[in-house]
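Using the sequences and the hints given, assemble the complete structure.
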Amino acid sequence: MSFPLWIKKENDSSHKAALELPSERKPVRTKDATVNTQLEMIELTHRDLAILTQLKPWVEEKIDWIVSRFYETLEKEPSLFEIIHRHSSVERLKKTLTTHVIEMFEGRIDEAFIEKRTRIAVTHLKIGLLPKWYMCAFQQLQLSIIEAIVPHWIFSFAFSYCSKTSCCSKFKIFVIVFTDSINNEGSSRYRQEFCVMKDR
Numbered sequence: 001m002s003f004p005l006w007i008k009k010e011n012d013s014s015h016k017a018a019l020e021l022p023s024e025r026k027p028v029r030t031k032d033a034t035v036n037t038q039l040e041m042i043e044l045t046h047r048d049l050a051i052l053t054q055l056k057p058w059v060e061e062k063i064d065w066i067v068s069r070f071y072e073t074l075e076k077e078p079s080l081f082e083i084i085h086r087h088s089s090v091e092r093l094k095k096t097l098t099t100h101v102i103e104m105f106e107g108r109i110d111e112a113f114i115e116k117r118t119r120i121a122v123t124h125l126k127i128g129l130l131p132k133w134y135m136c137a138f139q140q141l142q143l144s145i146i147e148a149i150v151p152h153w154i155f156s157f158a159f160s161y162c163s164k165t166s167c168c169s170k171f172k173i174f175v176i177v178f179t180d181s182i183n184n185e186g187s188s189r190y191r192q193e194f195c196v197m198k199d200r
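In full-length UniProt numbering, the protein residues as written are 1 to 200.
Any given hint might turn out to be false.
BS3-like, lysine-lysine: derived pairs with alpha carbons at most 25 Å apart [claimed, not checked]:
hint : residue 1 : residue 2
1    : Lys56     : Lys26
2    : Lys132    : Lys95
3    : Lys56     : Lys95
4    : Lys62     : Lys116
5    : Lys94     : Lys62
6    : Lys76     : Lys126
7    : Lys170    : Lys62
8    : Lys95     : Lys116
9    : Lys132    : Lys116
10   : Lys116    : Lys170
11   : Lys56     : Lys116
12   : Lys116    : Lys26
13   : Lys132    : Lys94
14   : Lys56     : Lys94
15   : Lys170    : Lys31
These are computed hints drawn from the structure, not numbers from a lab.
Structure (structure tokens):
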């Protein structure tokens, strides 16, 4: 069973098919027990992932604007740009973020997705990117994504808007929590290694 999430504007021909979503809310599962617990706690379901895949065309349409706005926000904190220029470049990271954002709307959380986010989290840890900054950055990223999507639709009922924004929020929270957990585990490991070296 499925039902339409929202109604397309008359003059919008970029995504002609009616948006049909599964009514069931089956939880997303992976092979990692800890990740599964995180997904359960934020109640991220396959229905949420289905919504994200149907939003993907409009995210791709505005991806350059979304990414540029993201880095304009980072300019507010000089230490962030210092980290960027020390380890990479804005143009290179824009390409990486473009891929990262689009992958969030492919409706898939599997081992490959988890592994890639783990590598990103480890990189954040190594270059000294603090959680307080990427949490703010992800919030701004979500606001830009929603702003890019909203003009395409006349919502058929209030729940449609709640569903769309809720699935974006859930996914954002999952990525933040997952990244933060890697950072915490890594920091703890580095502290332990430092103590061992200090005692020698």
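Original post:
Is the straight-line distance between the alpha-carbon of Lys132 and that of Lys94 25 Å or less?
Top reply: holds (20 Å)
Original post:
When you check the alpha-carbon spacing of Lys170 and Lys62, does it fall within 25 Å?
Top reply: Since the Cα atoms of Lys170 and Lys62 sit roughly 21 Å apart, the hinted pair holds (cutoff 25 Å).
Subject >> Given pair status - Lys62, Lys94, alpha carbons within 25 Å >> reply: Within the cut-off at roughly 14 Å; holds.
Original post:
Are Lys56 and Lys116 close enough, with their CA atoms no more than 25 Å apart?
Top reply: Roughly 20 Å between the alpha carbons, so the hint for Lys56 and Lys116 holds.
Subject >> Pair hint outcome, Lys132 versus Lys116 [Cα-Cα no greater than 25 Å] >> reply: holds (21 Å)
Subject >> Restraint status (C-alpha distance of Lys56 to Lys26 at most 25 Å) >> reply: Holds: Lys56 and Lys26 sit about 21 Å apart, inside 25 Å.
Subject >> Pair hint Lys62 and Lys116, alpha-carbon separation not exceeding 25 Å >> reply: Distance ~24 Å between Lys62 and Lys116 Cα, so the pair holds.
**OP:** Given the hint that Lys76 pairs with Lys126, test it: the Cα-Cα distance must not exceed 25 Å.
**Re:** holds (22 Å)
**OP:** For the pair supplied as a hint, Lys56 and Lys94, confirm whether the alpha-carbon distance does not exceed 25 Å.
**Re:** Status holds; Cα separation ~18 Å.
Original post:
Between Lys116 and Lys170, does the CA-CA distance stay at or below 25 Å?
Top reply: holds (19 Å)
Subject >> Satisfaction of hint between Lys31 and Lys170, Cα-Cα up to 25 Å >> reply: The hint holds at about 20 Å.
**OP:** Measure nothing beyond the straight line between the CA atoms of Lys116 and Lys26; if it is 25 Å or shorter, mark the hint as holding.
**Re:** holds (24 Å)
Consistency with the previously given hints is maintained throughout, with no hint failing.
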